[in-house]
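For the protein sequence lines, the chains are Z and E, in the order given.
Just so we're aligned: 161 in numbering that gives the first Met the number 0 is position 162 of the first sequence, and the numbers increase by one with no gaps anywhere.
Just so we're aligned: 284 in numbering that gives the first Met the number 0 is position 285 of the second sequence, and the numbers increase by one with no gaps anywhere.
Take every hint as true, because none was put in to throw you off.
No more than 27 Å apart at the CA atoms, straight line, and that leaves these computed lysine-lysine pairs for BS3-like:
1) Z:K75 with Z:K24
2) E:K242 with Z:K127
3) Z:K172 with Z:K78
4) Z:K197 with Z:K78
5) E:K242 with Z:K75
6) Z:K75 with Z:K127
7) E:K242 with Z:K78
8) Z:K172 with Z:K188
9) Z:K127 with E:K216
10) Z:K127 with Z:K151
11) Z:K124 with E:K242
12) Z:K172 with Z:K109
13) Z:K78 with E:K216
14) Z:K197 with Z:K151
15) E:K242 with Z:K72
16) Z:K124 with E:K30
17) E:K216 with Z:K151
18) E:K242 with Z:K172
19) Z:K109 with E:K242
20) E:K216 with Z:K75
21) Z:K72 with Z:K109
22) E:K216 with Z:K124
23) Z:K127 with E:K30
24) Z:K78 with Z:K109
25) E:K216 with Z:K109
No lab work stands behind these hints: they were computed from the structure.
Given next are the chains, with one letter for each unit.
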Amino acid sequence: MSTPVLQLDNVTMRFGGVVALREAKISINPGEIFALIGPNGAGKTTVFNVVTGVYQPTEGQVLFNGTRIDGTKRFKITKLGIARTFQNIRLFHNMSALENVMVGADSHHKTGAIGATLNLPWHRKEEKRGRELARELLDFVGIPGRMTETAKNLPYGDQRRLEIARALATDPKLLLLDEPAAGMNPAEKEALQALIRKIRDSGRTVLLIEHDMSLVMGVSDRVAVLDFGQLIAEGLPHEVQTNPRVIEAYLGVSEDAS
Amino acid sequence: MKGNGVTGNANPLRRVGALVDGARDWWEHAKAWQRYLVYLGAVVFALILPAPAIGSFMSPGADWTSVLIYPIGTYILLAVGLNVVVGQAGLLDLGFVAFFAIGGYSVAYFGTQYGWNYWATVAFGIILAAVSGVILGAPTLRLRGDYLAIVTLGFGEIVRITANNTDEIGGARGITNVPHPTDIPGVVEFGLLPAPYYYLILIAIVLVIIFSVRLQKSRVGRAWAAIREDEDAAELMGVPTFKFKLLAFAIGAMIGGLAGGIYAGKAVFIEPNTFPFILSATILAAVVLGGAGNLPGVILGAFVIAWLPERFREVNWLKDVLDRDPAEYRILLFGGVLVLMMALRPEGLLPSRRRRAELHEGTGGMGTMGAEVAGPDTDVTTTEAAK
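Let the sequences and hints guide you as you build the complete structure.
Here's what the structure looks like:
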C-alpha cells in the first residue's frame, strides 16, 4: 500500500486537565475524501490545529507523506503542502478577493524587499503568475466575478468559497476544510459537494469536518467519528451511519436500551 | 463606531471627504499617462515650493526653505518610514526616533572622527539603523500590541540616554562641526545656503516614496497587510510572519537612518536632545492624523504637523487680539487644531479605504496597532480549544 498522506499516530492533546484528543489514530490515503464528524466539542478542530501546527501534540506524532511534521513551524507546514480553511471564516476581510488568493499563492514565491523595490524581472514574473493563478482559482471555486470585491462584502457562501480558493493557491497536497457547508443553503451545498469532488479529482486529498450528514455521506470515501476526543468509529459512510456507538454519541442512549 | 459621529451635515470636512473619494475613484481608473502627468505635476510643485512668493504666506517669520527642510521635509521622510511599520505592517513603534538618531550620529561621528566621505557615512548610518532595527525586532516582534509599543518606547529612550552618557560621541554636549555633504563638482555645492539641502531631501523623499509604493504592491506589501488583518491566518497561509515583521522594522529603520543622515549634514550640530521621545510621538501623530497606510495621507499629515507650529509663530491678527506674542501660544493652538482634526476626521485626513474599514469594524486596525481589541475571532487557541 502506498504511504498515507496524513497519519496521526496516537496523538493526544491536553489543555491543562482537559483532554481534547485522546490517542487518536487516523490514516488518510492519497486521493481520498475523508470526513471527520462528531458532536460539538468532540475535538475535530483540534485535529486540524494539530495537523497545521497551531498546536503541538502533547503526545504522539503527526506524519505527512511519511515525515514527521509536529513541531514544524506553521508556515512551513503550509509550504510542505497542507492548507486549511476555518470554521469561523478568517479571510483578510479588507483585502480584495484577488489579493486574498494571491497571499496564498505567495507562499511559494521568493521575491523579497530588494526584488520588489527594484522591480526586478523575476518579481514581475511572480506577480503575473500569482495574479493568473488567483484568477484561475476564483474561477475554479465558482466566483470569477468577485475579483476586485472586498472580501467582507461577499455573500457568506462566496466567502467560504474564497477561503477554499485561498487555501488552494498554496498548492496543497492535503486540503483541510473546516465545516465548509456551515450557513449554506441546499443549492449551495450541492455545488460545494461538486467542488469538493473537483478538488479531489485535481489530485488533492481532502480532509473534511462537517455537520451536514447528507453532504458527508454523499461526498466522502471514508468517515471517522470523534466523541469527547476519542475516535469511536471509522469506516465507509454507510458502515459508520449504522454503527451503534455513533448513534449513541449523536443521539444519546435511551434509558431502557442500556 | 467613531465614524458615526461624522455623518452629520454640519461637518464641513464631510464635503472634503466626498471630494477625496471622488479623486480617489478617478485615480483608480486613471490611465498611465494621466498618472504620470499627476506625478510630474507633484514634482514640479515640489521644485517651485521654496519660491519666496509661497514662503511669504507659508512662513512669514522664518526662512521658508529652511522650514521646508526641517521640520517639514524631515518629518515627511520620517513619517513615510514609520508608515511602513505602523501603517503597512500594523506594528506600533513608539521609539522610531532612535533610528533617526543612529543615522544622525553615524554621519556626525564618522565624519568628524574619521573624516569619512559624507555619502559613505549616510550609507553606513542606514545600514547601522537597519541592523539595530533587526536587533530590536528579533526578540520583541514576538510580542503583540501594547507590549511591542512599550519595548520600542524603551528602545528610543535607551538610544538617547546612551548617547548622553557616551563621551566618545560627545556625551551631553553632542557633536559639533558635522561636515556638510560632500560637494558634487560642477553640480551642487553644499554650504550655508539651504536650497541644495532642500533638493537633497526632496530626492530622498521621492526615492523613498517609490520604494514604499513598490513594496506595498508586491508580495511583501500583501504579506504585511495580511499580518495586520489576521496574523494567525496569515501564518497558516504560508506567510513567514516573523520574517516579514522584521523586514518592516528594518526598512522603516533604514528610512529613519537616512533622514538622520541628511538632517545631521544640514544641522552641523547634533546632541542627544535633538532626538527626544516627543519626536517619536509627533511622527506617529503625523502618520495617524494623515491616515495610516495611505502614503498621500501620511505625507499630508507630516506636512501639517510640521508646518502648523511654525506657522503659528506669526499670527498677526492674534497678536492684536491677545496683545501678546502668539508664539507663546503656538503649541496650544497646535494642540487645539489636532483635537479638532481628529474629532472631525477620526480616520485621518486621507485614510486608505482599507484602513478606514478596519477602524469602523473596531477589530484589527487600531486594535493591531495598539491594544489588542478582542474581536469575535482574534484567537484560534482559546475559542477552538475545546472543539
